[in-house]
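Student: Sequence lines, in order, name chains G and H.
In terms of our numbering, the first sequence opens at residue 1 and continues consecutively.
In terms of our numbering, the second sequence opens at residue 1001 and continues consecutively.
Calculated directly from the structure, the hints in this document are not laboratory data.
Everything numeric in this text was worked out from a predicted model, so none of it was measured.
Each hint should be verified, as a subset may be incorrect.
To be verified - In silico PhoX-like pairs for lysine-lysine, Cα to Cα no more than 20 Å straight-line:
id, chain 1, residue 1, chain 2, residue 2
1, H, Lys1169, H, Lys1155
2, H, Lys1169, H, Lys1217
3, H, Lys1014, H, Lys1246
4, G, Lys235, G, Lys268
5, G, Lys235, G, Lys189
6, H, Lys1217, H, Lys1014
7, G, Lys75, H, Lys1217
8, H, Lys1088, G, Lys235
9, H, Lys1014, H, Lys1031
10, G, Lys204, G, Lys189
11, H, Lys1217, G, Lys111
12, H, Lys1088, G, Lys204
Said to hold, decoys possible - Listed below are several chain G residues computed to face chain H (Cβ distance under 8 Å; list not exhaustive):
id, residue
13, Phe47
14, Ser90
15, Gln137
16, Gly175
17, Leu177
18, Ile180
19, Gln200
20, Val201
21, Glu216
22, Glu224
23, Asp231
24, Pro275
25, Trp277
26, Pro279
Claimed, not checked - Just the calculated beta-carbon pair ranges, DEER-fashion:
id, chain 1, residue 1, chain 2, residue 2, range
27, H, Ser1188, G, Ser170, 36 to 46 Å
28, H, Gly1060, G, Leu125, 52 to 62 Å
29, G, Pro198, H, Gly1266, 24 to 34 Å
30, H, Ala1015, G, Pro183, 42 to 52 Å
31, H, Val1019, G, Lys46, 36 to 46 Å
Glycine residues also receive a C-beta, built at the ideal position from the N, C-alpha and C atoms.
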Amino acid sequence: MTATGIAIAPRALMAGDTAGAINAQEVIDRIRKSVGVDWKPEAVDKFKAGDPQTRVTGIVTSSLASLEVLEAAAKIGANLIITCEPTFFSKAETPLASDPVFQSKAEFIRKHNLVVWRFSDHWRLRSPDPFAQGLAQQLGWVKFFDPQNPTLITIPGMTLAALTTHVGKSMKIRGGLRVIGDPKLQVRKIALLPGSTPIQVSIKSLPGADAILAGEVREWETVEYVRDTVDLGGKKALLLTGRVVSEDPGMAICAQWLNSIVPEVPCKWITTGDPYWRPVA
Amino acid sequence: MSVLTAGEVIARVKANLGVAWRDTTYRDTFKFGGPDTVVRGIATTMFCSYDAIRRAVEAGCNLMIPHEDTYWSDRDDVSMVSGDPAYKLKVDFMREHDVAVFRIHDHMHAQRPDFLYVGCARALGLESRYETAPQSHHFTLPPTTLGELATTFQKRLGAKALRVVGDPKAKVSRVQLGVGYATPNISSPDVDVVVSGEQQENDGAFDSPAYVLDAAKLGIPKGWIMLGHTVSEEQGMLEMADWMKKFTPEVPVQLVRTGEPFWAPGEGK
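Could you put together the complete structure from these sequences and hints?
Tutor: Shown next, in the form of structure tokens:
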């Protein structure tokens, strides 16, 4: 494959490149046209690094464009990275002039002629919710997934302890999984709330579910709400996987979708992995 | 026997605080009951959880002094939860047992020293001789590794669901302590490890987990240890109880622990 060679070649050499070529801007234009959501100019979904005119050799999606993901992308010859979360360590992605981590990351992107584009706000609004769908897929529950009601899934009953083990294994969670509830609780109905979940959504979702499976919540909100509900006799539970881990499967769905709308280049999901670990007691 | 009211207790808190009371606070107010409640005992706690209230009542206390909220949002917005069964049961229990709740958050953080930091540093074993400058919450420890540091903290706190980002083998010594949601920025050049309670993982003012992941990949020694919101601040409510004892001698004062809410796979509950 010549993709890697093209990716690191000086851009001037690529002007007037072969027919069938597609540049990063054209990929994004196609996403805008196909996603089925009205485009909002104020959204975070923008180019974060690289030249939009770069000819795309391959696309990688991930929850977070970490250096590890960028390196893995470059290795397989992909040069357009589509990330759900910020690449440069804040919502604003403000450049950090004298910071060694920021500088090294920016330099890696330049050196490998990568383009990074964030895809979060609009992808989240797509129907059915691709992040909930991704979770269902990752957990082996595709046949239970209801596109009409994507954030509530009904599975054959299992205990909270068994569910915790299943979630940990299926999502390859190292240390980020935290649980509230009786391990013996029977769980059938699960609210799939990947990403960041405010209390308003938890209060709406918990009555109709046995458990909430979320990425992150505020501890003074949903954590205490579920704790109180359980201590007051409610047969409920909360599982928190961490935000990046919870959103990663939704970016796998994104890669599947991109393969259908951008047939010119291969698109692959590369998992960010669980950033957390826990000391062995 | 003279009668001590909740209003009188709060007046004494204000008088002893050492900082001017800001009436504009929405946090530091009565959340249930009121100033006329006759106080039998005082319980400081981290979150005003139902279970903490129940155990406080069992211990003879009916004035709760939590650092955090009662109704699952920072503003204790009751309109949002008034239809929820847990809200009704919790409020009914408090009414039945004549409980009053007064939150103290903003003024605890404004007070010097800030008890939340004192308590957390004490529990972690971050002795003042290691603190770079008084109340900087910045400690220079004898050189260790991130893995050893995290294991030590976990053992000292007995925390089940502590989470760490970074290379366990990274050589570290400079620790910046945060508590609650006041998590310091890990990118500071004079900080190897941030220890705190809770922080938004991504898409915030500074995404420390993402930064530490990349730093670790580059071999730059950085670590991020999250104790959990309750674990990080509950220690300071012991300081708060000891402080209140000095000016409320009429009634017993004690810490009633909210306790870590989570369990983690592998250790059961």
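Student: All hints, please: hold or fail.
Tutor: Hints, one by one, checked against the model:
The hinted pair formed by H:Lys1169 and H:Lys1155 meets the criterion: a straight-line CA distance of about 18 Å does not exceed 20 Å. Proximity of H:Lys1169 to H:Lys1217 is assessed by CA-CA distance (about 12 Å); at most 20 Å being required, the pair is judged to hold. Distance hint between H:Lys1014 and H:Lys1246 is fulfilled; the C-alpha atoms sit about 14 Å from each other, no more than 20 Å. This hinted pair does not check out: G:Lys235 and G:Lys268 have alpha carbons roughly 40 Å apart, beyond 20 Å.
For the proposed pair G:Lys235 and G:Lys189, the alpha carbon gap of about 12 Å is at most 20 Å, so the pair holds. With a CA separation close to 50 Å, the supplied pair H:Lys1217 and H:Lys1014 exceeds the 20 Å bound. For the hint pairing G:Lys75 with H:Lys1217, the CA-to-CA distance comes to about 16 Å; that is within 20 Å, so the pair holds. The straight-line distance between the Cα atoms of H:Lys1088 and G:Lys235 is roughly 16 Å, inside the 20 Å bound, and the hint therefore holds.
For the hint linking H:Lys1014 to H:Lys1031, the alpha-carbon distance of about 17 Å falls within 20 Å, and the restraint holds. Taking the CA atoms of G:Lys204 and G:Lys189, the gap is about 14 Å. The hint holds against a cut of 20 Å. For the proposed pair H:Lys1217 and G:Lys111, the alpha carbon gap of about 17 Å is at most 20 Å, so the pair holds. Taking the CA atoms of H:Lys1088 and G:Lys204, the gap is about 16 Å. The hint holds against a cut of 20 Å.
At its closest, the beta carbon of G:Phe47 sits 17 Å from a beta carbon of chain H; the interface hint therefore is violated under the 8 Å criterion. Checking G:Ser90 against chain H by beta carbon gives a least distance of about 5 Å; that is within 8 Å, so the hint holds. For G:Gln137, the shortest C-beta to C-beta distance to chain H is roughly 21 Å, which exceeds 8 Å, and the interface hint is violated. For the restraint placing G:Gly175 at the interface with chain H, the shortest Cβ-Cβ distance is roughly 6 Å, inside the 8 Å limit, so the hint holds.
The beta carbon of G:Leu177 comes within 6 Å of a beta carbon in chain H, closer than 8 Å, and the hint placing it at the interface holds. For the restraint placing G:Ile180 at the interface with chain H, the shortest Cβ-Cβ distance is roughly 6 Å, inside the 8 Å limit, so the hint holds. About 7 Å separates the beta-carbon of G:Gln200 from the nearest beta-carbon of chain H, less than 8 Å, and the hint is met. At about 11 Å, the closest approach between the beta carbon of G:Val201 and any beta carbon in chain H exceeds 8 Å, and the interface hint on this residue is violated.
Checking G:Glu216 against chain H: minimum C-beta separation of about 5 Å stays under 8 Å; hint holds. Residue-level restraint check for G:Glu224 holds (minimum Cβ-Cβ distance to chain H is 5 Å; threshold 8 Å). The beta carbon of G:Asp231 is positioned within 8 Å of a beta carbon in chain H (closest approach about 4 Å), and the interface hint is therefore held. With a cut of 8 Å, the hint placing G:Pro275 at the interface with chain H holds, because the nearest CB-to-CB distance is about 5 Å.
For G:Trp277, the interface hint holds, since its Cβ comes within 8 Å of a Cβ in chain H; the closest pair sits about 5 Å apart. At its closest, the beta carbon of G:Pro279 sits 4 Å from a beta carbon of chain H; the interface hint therefore holds under the 8 Å criterion. A beta carbon spacing of about 37 Å between H:Ser1188 and G:Ser170 agrees with the range 36 to 46 Å that was offered as a hint. In this structure the supplied range 52 to 62 Å holds for H:Gly1060 paired with G:Leu125, their Cβ-Cβ distance being about 53 Å.
A C-beta distance of roughly 30 Å is found between G:Pro198 and H:Gly1266, which places it inside the suggested range of 24 to 34 Å. For the pair H:Ala1015 and G:Pro183, the supplied restraint of 42 to 52 Å holds, since their beta-carbon distance comes to about 48 Å. Between H:Val1019 and G:Lys46 the CB atoms are about 44 Å apart, so this pair conforms to the stated range of 36 to 46 Å.
Of the numbered hints given earlier, the model fails hints 4, 6, 13, 15, 20; all others are met.
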